[in-house]
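Taking the hints into account, I'd like the entire structure generated from these sequences.
2 protein chains.
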Amino acid sequence: MSYTNSYAAAVLERCEELAAFSEEAGRLTRRFATPALRQAGEAVRSWMEAAGMTVRRDAIGNVIGRLGDPGRRTLLIGSHLDTVRDAGRYDGMLGVLVAIACLERLRDEERSLPYAVEVLAFADEEGVRFGTGYLASSVVAGCFDAADLERRDGEGVILSDALRAFGGDPDGLLGARRDPTDLIGYYEVHIEQGPVLEGDGAPLGVVTAIAGQTGGQVVFTGEAGHAGTVPMALRRDALGAAAEFVSALEALARDRDGVVATVGTVEVEPGARNVIPGRVVLSLDVRHPLDSVRESVLTRLRERAGAVAGARGVGVEWQLGKGVGAVETSARLTALLAEAVSMSGHPVVRLPSGAGHDAVMLSRIAPIAMLFVRCAGGISHNPAEAVTVEDVAAAIEATTRFLELLG
Amino acid sequence: MSYTNSYAAAVLERCEELAAFSEEAGRLTRRFATPALRQAGEAVRSWMEAAGMTVRRDAIGNVIGRLGDPGRRTLLIGSHLDTVRDAGRYDGMLGVLVAIACLERLRDEERSLPYAVEVLAFADEEGVRFGTGYLASSVVAGCFDAADLERRDGEGVILSDALRAFGGDPDGLLGARRDPTDLIGYYEVHIEQGPVLEGDGAPLGVVTAIAGQTGGQVVFTGEAGHAGTVPMALRRDALGAAAEFVSALEALARDRDGVVATVGTVEVEPGARNVIPGRVVLSLDVRHPLDSVRESVLTRLRERAGAVAGARGVGVEWQLGKGVGAVETSARLTALLAEAVSMSGHPVVRLPSGAGHDAVMLSRIAPIAMLFVRCAGGISHNPAEAVTVEDVAAAIEATTRFLELLG
Chain G
1 MSYTNSYAAA VLERCEELAA FSEEAGRLTR RFATPALRQA GEAVRSWMEA AGMTVRRDAI
61 GNVIGRLGDP GRRTLLIGSH LDTVRDAGRY DGMLGVLVAI ACLERLRDEE RSLPYAVEVL
121 AFADEEGVRF GTGYLASSVV AGCFDAADLE RRDGEGVILS DALRAFGGDP DGLLGARRDP
181 TDLIGYYEVH IEQGPVLEGD GAPLGVVTAI AGQTGGQVVF TGEAGHAGTV PMALRRDALG
241 AAAEFVSALE ALARDRDGVV ATVGTVEVEP GARNVIPGRV VLSLDVRHPL DSVRESVLTR
301 LRERAGAVAG ARGVGVEWQL GKGVGAVETS ARLTALLAEA VSMSGHPVVR LPSGAGHDAV
361 MLSRIAPIAM LFVRCAGGIS HNPAEAVTVE DVAAAIEATT RFLELLG
Chain H
1001 MSYTNSYAAA VLERCEELAA FSEEAGRLTR RFATPALRQA GEAVRSWMEA AGMTVRRDAI
1061 GNVIGRLGDP GRRTLLIGSH LDTVRDAGRY DGMLGVLVAI ACLERLRDEE RSLPYAVEVL
1121 AFADEEGVRF GTGYLASSVV AGCFDAADLE RRDGEGVILS DALRAFGGDP DGLLGARRDP
1181 TDLIGYYEVH IEQGPVLEGD GAPLGVVTAI AGQTGGQVVF TGEAGHAGTV PMALRRDALG
1241 AAAEFVSALE ALARDRDGVV ATVGTVEVEP GARNVIPGRV VLSLDVRHPL DSVRESVLTR
1301 LRERAGAVAG ARGVGVEWQL GKGVGAVETS ARLTALLAEA VSMSGHPVVR LPSGAGHDAV
1361 MLSRIAPIAM LFVRCAGGIS HNPAEAVTVE DVAAAIEATT RFLELLG
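Protein sequence lines, in the order shown, are assigned to chains G and H. Just so you know, the working numbering puts the end of the first sequence at 407, numbered straight through with nothing missing. Just so you know, the working numbering puts the end of the second sequence at 1407, numbered straight through with nothing missing.
In case anyone wonders, no lab produced these hints; they're calculated from the structure. Yeah, the Cβ is synthetic: ideal placement off N, Cα and C, and Gly gets one too. Treat the hints with caution; some may be incorrect.
Residues from chain G shown here face chain H by an in silico Cβ test under 10 angstroms; the list is partial [stated by the list, open to error]:
1) 223
2) 249
3) 354
Using 25 angstroms as the maximum straight-line C-alpha spacing, the simulated SDA-like pairs for lysine to any residue come out as follows [to be verified]:
4) G:322 - H:1322
5) G:322 - H:1272
6) H:1322 - G:169
7) H:1322 - G:271
8) G:322 - H:1274
Across the chosen pairs, the derived CB separations fall in these ranges [claimed, not checked]:
9) G:234 - H:1331: 23 to 29 angstroms
10) G:377 - H:1325: 45 to 51 angstroms
11) H:1157 - G:156: 46 to 52 angstroms
12) G:300 - H:1009: 52 to 58 angstroms
13) G:270 - H:1302: 23 to 29 angstroms
14) H:1143 - G:24: 50 to 56 angstroms
15) G:255 - H:1319: 46 to 52 angstroms
16) G:20 - H:1311: 28 to 34 angstroms
17) G:35 - H:1319: 52 to 58 angstroms
18) G:24 - H:1319: 29 to 35 angstroms
Laid out in structure tokens, this is it:
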């Protein structure tokens, strides 16, 4: 095993150890403010301390380790410890553990950085328990919405109560904002969660932007009827309209470079084999690294939905969320990161992130950079999530060089 | 109110009375072998007796009224008393009550028929409770499947036990088959359950055939993935394939006269806004009055599903039931019925039935004829089911003339 590989192997072992901290036997589910998340945080604290860091927990329950004297300019490195239900072992955790491994390696080599580093292990990015994506990083970025404290989980537990039980402090959230004045930037390592790097045969990817996204629903309302007695020409089949819209959405997204558009759920009413669908609700998810492109795609989709419905005498209702704007990574940090990847002997693949990450929130207070690590089959949010020790070693190598270049 | 209208008004009043016999407060649900069905049967028995009929209950719980001496050739007239959940008031019941009204009218006018008439009020056509469509008429036709006696309802009650509690006799079912030797035919009046008569401005329809039908499922299997991170070109979206298939099915059915093809349910897995569908299960329902046309449509649909899936690298699985063959109505009886409609002053609209009826079973032992009555908006299996007193009067008039012509 090569020198860097031994750090990578340790990272993978720690990913296994963290996977044992779960709310459910036999599979990994670790939501915000649960005992499992507390255990994961304590393990990370111990590894941070072993790496020589000073560790604290902030008001939302993030575990934050610092290396470097107070007052120094500081680079933040982070990712999250919470998971989706029946999760993989790398989404989030890998970024935290690679950061710690790099600092251990520098210490082992008796090298030091001319700036401070803080590693942030965020307590809630997936938002599974309370429907609060980016909860923990929004607190650090100072854009937390206090109304979210009243949210309830599936068992009716209020977020503020869960936070107190977790050892956090609802009243301290505003004060937990990281002062941006001394920040060099925010850096995050994450599995790609997609198949691009695997397709390119590259272990690492330099993220150019984090796509903006709009979610919502499209509702088609036709007329239910007996599947045997209403002739085709007299039908106003809501599913016929919905199917045509799904095909149009697919064609439109394929036609615009970098657009991804997805219908992930379909509800059909009344929903019986022998009844013509009277109402169909489709979910909608549209993303692009440029907000203007996303907006234009949404406009065209809405036009198409109207045209499809109109031609069939079917109603259409368009229910979109506010959407999250795209975030560009820092040109300066990203150039250094690309150089670090290249110096590590790997091709520089630049790609946008279609998934959201804590970096979206941190971009409010600091320039950001992100490194993607190839994952098997592009599979994520799934126990089959996998990375190789060689690719993790590549991430440690590139990150270490990035930290040095930044000096 | 015209003379015939008074019989029609009485029929509609009796439909209201029957609607009160329900398993659920506030809506009409009357399944096989329930106290509500027993009450409806007793009411029908009393009206049959008032019309001068001799009434008995057979082993499956059908209420059968006979007018005419034993040994005479006999016309059967029937329909069903059970309903779907949250049903309308006319699907089934109207046919039974129109038959009784016609016999009352003939008696009031001191006219008699040169043959016997038996009115059958079937105890289970919808098959909601035990999943047994045509249960009651299959007993009369002698094609009851004894294995069905072991079926259980949603509460775990076995059909044979329910039948005993209902006053029926599981051991007597084979013997309850109607001897076909003395039968003139079977005649049924039913609401259309579709919009054709309303579109044609005609109160009555003469049924040419009852469509055969094939039901089943089509399963598309692609690959689930993150809606943000998998580029359109690398997706194997099961819903994309399913949508294309739904559009192809619609086009194919529109292209073949008299074909109806319906996808009434869609299941998407995993089924989340931000996950590309990995598996989609569509229900399938295809009907046509000619079995050869139905078979050819199914073959073409299967080819199209294969082509759609193949072009996308998606798998497709085709799971069809046995299907029910089409049934033609008797040319001789139907010609008389058309003459009767015409003599009543109404246009003769000939149309196939896309829905199944008890007549499908009775066709095994007798020539059949069916008369459709226009219903508002073609709506059925719905509390909004509605017929006008004028249209019911037209059905009584045409049926009375049909009975006379048959003599």
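Violated hints - listed by number, lowest first | Of the numbered hints given earlier, those the structure breaks are 4, 6, 11, 15, 16 and 17, listed in rising order.
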